[in-house]
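Engineer: Protein chains in written order, with our numbering: chain C, 138 to 415; chain B, 86 to 304.
Since the hints were derived computationally from the structure, they do not count as laboratory data.
Please note that the accuracy of each hint is not assured.
Below 20 Å or equal to it, Euclidean Cα-Cα: the simulated SDA-like pairs (lysine to any residue) are [claimed, not checked]:
#1 B:151 - B:135
#2 C:146 - B:202
#3 C:280 - B:186
#4 C:345 - B:161
#5 C:253 - B:123
#6 C:280 - C:295
Some but not every residue of chain B turned toward chain C, in silico, with C-beta under 8 Å [unchecked claim]:
#7 122
#8 125
#9 136
#10 137
#11 140
#12 149
#13 194
Glycine included, C-beta positions come from ideal geometry on N, C-alpha and C.
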Amino acid sequence: MNFWEKMEKMDRRWVYLMVGLSVILPFIFPLDLPISITPEAQSVFDEVEKIPDGSTVMLVFDYYPSTIAECEPMAIAALHHFFRKNCKVITLSNIPLGGPSMAEAVTRDMAEKYNKVYGVDFVNLGYKYGYVAVLSGMGQSIKSIFPTDNSGTPLEELPLMTNVPNYDSVAFIFEIADNATADYWVSIVYAQYGVPMVCGTTAVSAPKYYSFVASGQFKGLLGGMKGAAEYEQLVGHNAAAVTGMSAQSLVHLLIIFLVILGNISFFLGRKGHKKELV
Amino acid sequence: MRTTVPVLIAFISGIVLVVSFFFRKGTWLGDLEQEFTVWLTIVGGFTLLLGVVSITRVNWTAVKRKKEGWKYKILTLIAIFAMAIPSVLSPDWSPLFGRAEGSIYDWLFQYQMSPMMATMFATLAFYIASAAFRAFRARSLEATLLLVTATLIMLWRIPMGEWFLNLFPGDIPYLLNTYIMGGINMAVQRGIIIGAALGAASMSLRIILGIERTYMGKG
């Protein structure tokens, strides 16, 4: 068995070890790599900048805890951006599995840093079953869909919500999703009510949403951890996504290296096998 | 009766939602859409409850009969009720109840469920690396095209890769974003989205008209 044949039959545990080291080492020895800004991420930043200070905006936590690494940095950067502009933030989720809890934890933490008051500067509506009905129903009356907020407080008791009966009072929507709910924000809310919106999504989902960006239905797009890192840089708060890019860089390079190695060993191994047959 | 009533409900609900879309809000038909939407969220809430009842029955039966893996099913049952019961109890009784910060539900979510789900998802990276090494071969023209495109996009999405691509003449990162992501990818995605939308529309019409009855467990 020659070297390339051995390579082709390499135990997968070596691969796992290499991936593990590629993830861990950059956190111990950060690489501090320059991150370029794509036009789609720049558009997200520019669109938020365009919102008049003090406007009411929606930040939607449509992602599962499994994609926190990619999506949460987007939410944190968006909250920095919104609170800096003194925007009133309404959060909600169409994900039953922890969406409202993630919104609650992230928003309260950020609000504390900006001295924002619950009920006046931000509100968490929580979760309601049936995203199509929820998105459609809020167009006429948010209160009819969410009679109370996430902790059960009636909306009449929250000063922010008394001024926001439906989408007409919402200046902007920032949708962060790791699933197809983003499609429904476009097809129901943007198409019927014309509220400007941007989307932050996982790297796997991002290719799908390029068509919505090109058509102007999403004003901008953040794709995966790279998109989150770009937005963090634009907002001026480098955090988890910028740090995570070093690990992602090494893992991507490792996978490319393994693919090349796998192909070389495949072709050389096949050549050797043919020679043996001759 | 068991077939006619659901078909009738589906027909009326579907027709009302389609027709009311074309009427202004404030008119009787326009407002009916909102009424139906609220009903949908309420009915949906009950389906979640039905899900809990169903999973409890299935797991409890397996535990009683000591079927294979019954010990794990006990864990499933404990997990369901440990999260569900404190979250529905009033926080007025104790700060441990409800879903606010510091509650049992919040603690279990933040420190148990969330890390476990993230770990499960992160494990994929290991399998993807191993699978890429073993299966991603340039065996045909199509596979080679896929391999080259994937490699270029992976390089473009990381700072080191972008730096490497910029060593070559021509703005390769710009070309990848414009022609691969904003060109070929977008055209294909649009085809898929439009195809799926047409499929969903035709399926909806079949359900409204009572042609499609598989949702009732009938062919």
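Engineer: Which constraints among the numbered hints does this structure fail? Numbers only, ascending.
Structural biologist: Numbers 1, 2, 3, 4, 5, 9, 10, 11 and 12 - these are the hints that the structure violates, sorted from lowest upward.
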